[in-house]
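Chains as they are written, first to last, in this note's numbering: chain A, 1 to 345; chain B, 1001 to 1242.
Hints in this document: simulated from the structure, not taken from any laboratory. Hints should not be assumed to be uniformly reliable.
As the list claims (entries may be wrong) - On the chain A side, residues computed to face chain B include the following (Cβ under 8 angstroms):
id	residue
1	I155
2	V233
3	R236
4	S241
The beta-carbon is built from N, C-alpha and C at its ideal position, and this holds for glycine as well.
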Amino acid sequence: MDLSIAALLTQDGITNGAIYALLALALVLVFAVTRIIWVPSGEFVAYGTLTLAGMQLGKPPGTVSLLVGMAIVAGLLEVYVCIRRGEIARAPRRLLLWTGVPCVIAALVWWSAPLNLPFPVQVALTLAAVAALGPLLYRIAYQPIAEASVLVLLIVSVAVHFTLTGLGLWFFGAEGSRTPAFASASFQLGNVNVNVQSLLVVGTSAALIGVLYVFFGRTLYGKALRATAVNRVGARLVGISPSFAGTLTFAVAALMCAFCGVLIGPITTIYYDSGFLVSLKGFVGAIIGGLVSYPLAAAGALLVGLLESFSSFWASAFKEVIVFTLIIPVLLWRSLTTHHHEEDE
Amino acid sequence: MGILLRARRLSVSYGRVEAVHGISLDVSDGSIVTVIGPNGAGKTTLLSATIGLLPSRGDIDYEGASLTTLTVEERVAAGLVLVPEKRELFAGMTVAENLELGAFARRRSRDAMSALNDVYRRFPRLAERKTQLAATLSGGERQMLALGRALMARPKLLMLDEPSLGLAPLIVREIFSIIAGLKMAGVGILLVEQNARAALQVADYGYVLETGEVALEGPASDLATNPRVIDTYLGGSVPASA
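Take these sequences, add in the hints, and give me the full structure.
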């Protein structure tokens, strides 16, 4: 290996790592606020790519039906809760929020798909559609059991993962999709050939992380999510309901995954079931951060990206093996260095 | 003075164990009602049920309407606020952020943050420590922050669980003078205390809770001179401290 190959691999690794970093941050966020290990995050990545690919082909993506279906189920759940609590007057508003809003987004996507709108508009619609799936999924699968133990939530997550993969096959079909590159240009930086595409991916990830930093550090809703993560009872006592926090968290996390899907589309072909492997790499990054530290999770994800690209050069047949083997020393190191306390639930 | 909180035949259970057996209790606005009693009498359980953290049987009315179908968050938004025994602060966040979040239930009203200056005036120490993390505060400062955070919600009924627990006598006196000041501002206060002497001094009315039942009740000044209360809770002539 010479320096130019090393530079190329590094560039590749950082590009992928930036995408994994977004996923890792989404996983840490979801776990911190709701204690859910979000196994199905990968499906949201795949949905992101497949939705954008569908729009580029000019046909309404499967997301439309999926969104409408989940919105109807969530709306029915909300109405049922209103009736059981004897607050029928509140039902229309809840129905509008849970069924109306997602259906409007779905209709927009469905209507605009054949119009071949400019790329940024297509991306925005893709992000909106996939982000809207997050709160719906939380409402349907997790909110009814929000007080359950971490283990039960994990088991449900695995079930949701298989369900969403199946729904992905049903709605998007078995063919893989790849979206065109955002930019094909490249330039020389010293000896190194730098892809504008890579710069865009890394830049977008960094910008999104910056936006999240401001959201959590400066806005009331961001602080409310942090407060829920720090002290669940305290959060309830100031009026932050766990279901509100969960819904908002899933919206933010689904948006991050949709971004991953858009960014990864030009790099690899994505099938309905490709998300899982991608999310596992984000998960390794999140584990390096112990599922609690955001900076460590992002750094861990970058490490995973670099390890992946270098191992695909030296031993391409084993690249996944090498990446996932990393989790063993990391877990050993974490279990030896962190202070243990019994889980109090 | 209107009745703010009215509990009738209130029973609370942890699983199959009943901790509070059919209590009746009233708090009117602008008054301090104290519940004293030994450890394990069900005082904290009573407050947890009133804020909605624990399910209960019987009736609880707040401002004339039943509370039973409301969630914790809806009760907070209605002005029913609890300062729990464990304070439950947001440890990794700053004092200012803790206070800001205290007004979360009122976020849609224009003057959501208007209580902030009032809190800083009552607790100058919190203003000095604005940018410090809650985890780095002393015990007394934490209690002040917990009280301040509750005041940010502009409570009509403030429930305090052992506000003097683990605090030095000087700070206890400060906390109790603030409680008396809140009463002057028209806030109804339900005060649960083991420090019966301090509680009965500041309260208008008192209940003595023993093994989940009301053993005695009456105006606080009567309870303070009741021989049985003096014997059991005021420790004869020895000043009681938490």
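Hints and how they fare:
A cut of 8 angstroms between beta carbons decides the hint on A:I155: the least distance to chain B is about 24 angstroms, and the hint is violated. Evaluation of the A:V233 hint against chain B yields a held restraint, the C-beta minimum of about 5 angstroms falling below 8 angstroms. A least Cβ separation of about 5 angstroms between A:R236 and chain B falls short of the 8 angstroms threshold, and the interface hint therefore holds. About 4 angstroms separates the beta-carbon of A:S241 from the nearest beta-carbon of chain B, less than 8 angstroms, and the hint is met.
Violated hints amount to a single one, hint 1; each of the other numbered hints is respected by the structure.
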